[in-house]
Amino acid sequence: MKYIAEYRDGRLAKDMAEQIAATADPVRIYHFMEFCGGHTHAISRYGLEDLLPPNVRMIHGPGCPVCVLPIGRIDAAIALAMRPEVTLCTYGDLMRVPGSDGSNLLKAKAAGADIRMVYSTLDALRIAEAEPNREVVFFAIGFETTTPPTALALKAAIAKGLGNFSIFCNHVLTPAAIQNILDSPDVRKLGTIKIDGFIGPAHVSTVIGTEPYEFFAEEFQKPVVVAGFEPLDVIQAILMLVRQVNDGRHEVENQYIRAVTVFGNEKAQAEVANFFELRESFEWRGLGEVPYGALRLRPQYATYDAEKRFSMVTPAAKDNPACECGAILRGARNPADCKLFGTVCTPDTPMGSCMVSSEGACAAHWTYGRLREKARQADPGRAVA
Amino acid sequence: MNKMGVKAYTWKLDIANGRVDLSHGAGGRAMGQLIEDIFHKALDNDWLRGGNDQSTFAVPSGRMVMTTDGYVVSPLFFPGGNIGTLAVHGTINDIAMAGAVPLYLSACFIIEEGFPLADLECIAQSMGDASRETGVPIITGDTKVVERGKADGVFISTAGVGRVPDGLDLRADAAQPGDAVIISGSIGDHGVAVMSKRENLEFDTAIISDSAALHGLVAAMVAAGGKYIRLMRDPTRGGIAATLNEIANQSKIGFHIDEEAIPLKPEIAAACEFLGLDPLNVANEGKLVAVVAPDGADDVLAAMQAHPLGAEAMLIGHAVADENCFVQMATSFGGGRIVDWLSGEQLPRIC
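Just so you know, the protein sequences line up as chains A and B, in that order. Numbering-wise, our numbering puts 165 at position 63 of the first sequence, and it's gapless, one number per residue. Numbering-wise, our numbering puts 572 at position 329 of the second sequence, and it's gapless, one number per residue.
Read the hints as simulated data drawn from the structure, not as lab findings. From a predicted model like this one, the values you see are computed outputs, not experimental measurements. Treat the hints loosely; a few may be bogus.
Incomplete in silico selection of chain A near chain B, CB under 8 angstroms [stated by the list, open to error]:
id, residue
1, R110
2, A115
3, K116
4, P393
Note that the Cβ used here is the ideal one computed from N, Cα and C, for glycine as well.
Using the sequences and the hints, build the whole thing.
Right, dumping it as C-alpha cells:
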C-alpha cells in the first residue's frame, strides 16, 4: 500500500529504535503519555514497545472517546432509545459500552429499542429524511475530529428543514483533558504519576493545530510532540521527546507535518463554533468532572438538541467499585493491576470502558500485549502495552 | 422436493416479474410449480427427478463424515458469488476439512414473502452450476415461505455427507508443538467483497470473493502427505485469527506466526485500512489452514502450490508449547503481539 507501507517499514523502525537507545540516558527513566487511543492501538498492534529500551516507558492516556463516556450518558441514551417514537443512530463502537447493571445499547436493541448502527452522520440524516414519522437522534461522541461532521449534519438538517432530527451531544475537548491530567494531584503535587512528555493527538491536531498545546508546554514545562498514527510516526515522536528531555526543552514539536499545521483547519473550527458552545463542566469517565471539557449545542439550536427536546436527564451512576478504569486512564495504574482484568472483564464481557474499544488501554493490552505480562511481572516498574 | 401434479396448474410461473407469495410454501400446486420450475430445473439430477421426500444412496465402506450449515449472508449477491454458491462451497469445504471426499448435499430454502422469483432462480441456477462444477450433487431439499419481515430475502440451510479416506483421522486437538502452519492463499477477500456491497458502505473495488470448493486441493494434499496432516480448517467467520485460536485452545498449544509470511493482496490491505479492520479477522470462503507435522510440511506445501487453489500457499508459522494457548505474531514492524479472537461483530452476516 503506497503511502502507508512507508510508515510501517521495519528496517527504518529498527534504525529509529537504535537511535532512541543511543540517545536515551541509561541512568534515567523516561515516562511518556500517548494521549490518543489511536496511538495506543498503534503501539500495541505493531508491538512497538518491544523496540524501546526498558527505560523508555509509555503511559496510555484517556484519548479514547468511547472510554471516557460516563455510565450516566449511556443510561440516558438507553432510556431515550426505549421511547417508542425514537430511532437512535450510533457508531458501532458504542453498542457494547456498559451502562448501569450490565446494560448496553446492544441489549436495549434486543429488547426492542430502535437503535441503528451508522457509519457517518450523513447516514443518520438519510434515515431522518426517509422516515419523517420517526424522531431520529444521532448519538454524537468523539473529540475535535468528529465534531465538524456533527456540525455539518446539523447545518444540513437545518437547511433541509428536517424537523425530526436531533443530536445527543457528547463531544469532548482534548486540551481540557490534558490540562486536567497535568493539574491532578497525582501528577502535580504528589508526583505519583511521572509524565515527562506527551505524544500529542494526530487527527485531533489536524483540526485544532499545534497551537493549543503551547500552553501546557509552557505552564507545565512538559514537551509535546504531535505525531501521526502510523508506527514510524510514533517511534519518531518518542525519539523527539527523548531529545527534548535530554536538552531540558519543553516545546511543542510537530512530527505530523504532512497533515498538521500550527492553526489547524480553521474552516472546520468556524463550523463547530457556529453550532456548539463550551459546557462549564462535563463528566469524563476516569477523570471526573472536567471544567470546559465538552461541548453542547448553542441555545438557538435547542430544537435540535436531544437533551432539551426530550428533557433528558443524566442519572448519577457509579462504575463497578473494583474497576480501575479511572486510574488506568490517568496513567496511575496498568491494566493488569486491575482485579477485574481478564477475569470478569474481557473484550467479550467488558465491565469497564477501557475494555470496550480496541483503542482502550485494557482492550489493547488484552488483545495485543498480554504476552509482555511476564516480563512486566519480572520488572514491575515497566509499563505495558 | 416432492413432485406435485403441476400440469394441472394453468398459469406459467412469471419468473421475470413474479414474486414468491405464501401460496408457494403452502403445499399446494403453486409450491409444486415453484419446486419444479426453479429448483428441479436448476439442480437437475436423477435423485431429484425421482420426486421423493428423501433420496437414497449406497453407503461406501469406511468412515463417513456429515456436516450441516446455515447461510444468511447479506447482501445475497456479492462480487464473485451469491448465497447459493456460498452454500455449496461452504458445505463442501466443511466436509473436505476432515480430509474427506464430499458425496452428497441437501438444501433447505427459507424464503421471505415477496422475494423476486428471478433472484430465486438465479440463486438456484448458481447452486446447480456449483454443484455440477464440483461434482457433488444436491440430492434432496425443502422449501418454506415465511411472511414478509420474518426472514431477509432467503436463508439457505444445507447438509452434506462425505467419505474419509482410509487411514486419515484429522482432529481439532491433534496439533503438536513444532507442527507447521500453512495457509492456502491470500486472506480477507470474501469479507471485504461482501462489505464493499453493503448498504451505506458501498465502495468501488475490483475485489471479488474467494468462494471456492476446496475438496480438490485437499485431495492433492492428502495424496502428497495425508499421514502428516494433523488437521485442517477453513477460516471463515472470524478469519485466521479465530481459526488459529480455536485450534490452539482445542490442541492446548500456542502458535507463533509471522506477519510478513501471510499472503495479503494490496487492495485487501487497503480496504481493511480505511474500514478499520484487521485482515486476520476478516472472513475467507476459499482458503484453508493446515497444521502439518514437520516431516511432511514441505511435501504438503509443494502439493498445495501445484494446485490452482493453493498457488499462493505459504508456511506462516509453527505450533509451540504454550499453556496460555496464545497465538503470537512477529509483526512486520519488528515487534510482537497477540492475535486474539475478534470481540463482538466485525461484519454483520457475511456467510
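Check your understanding: Where does the structure disagree with the numbered hints, that is, which hint numbers, in rising order?
Key -> Of the numbered hints given earlier, the structure breaks just one, which is hint 4.
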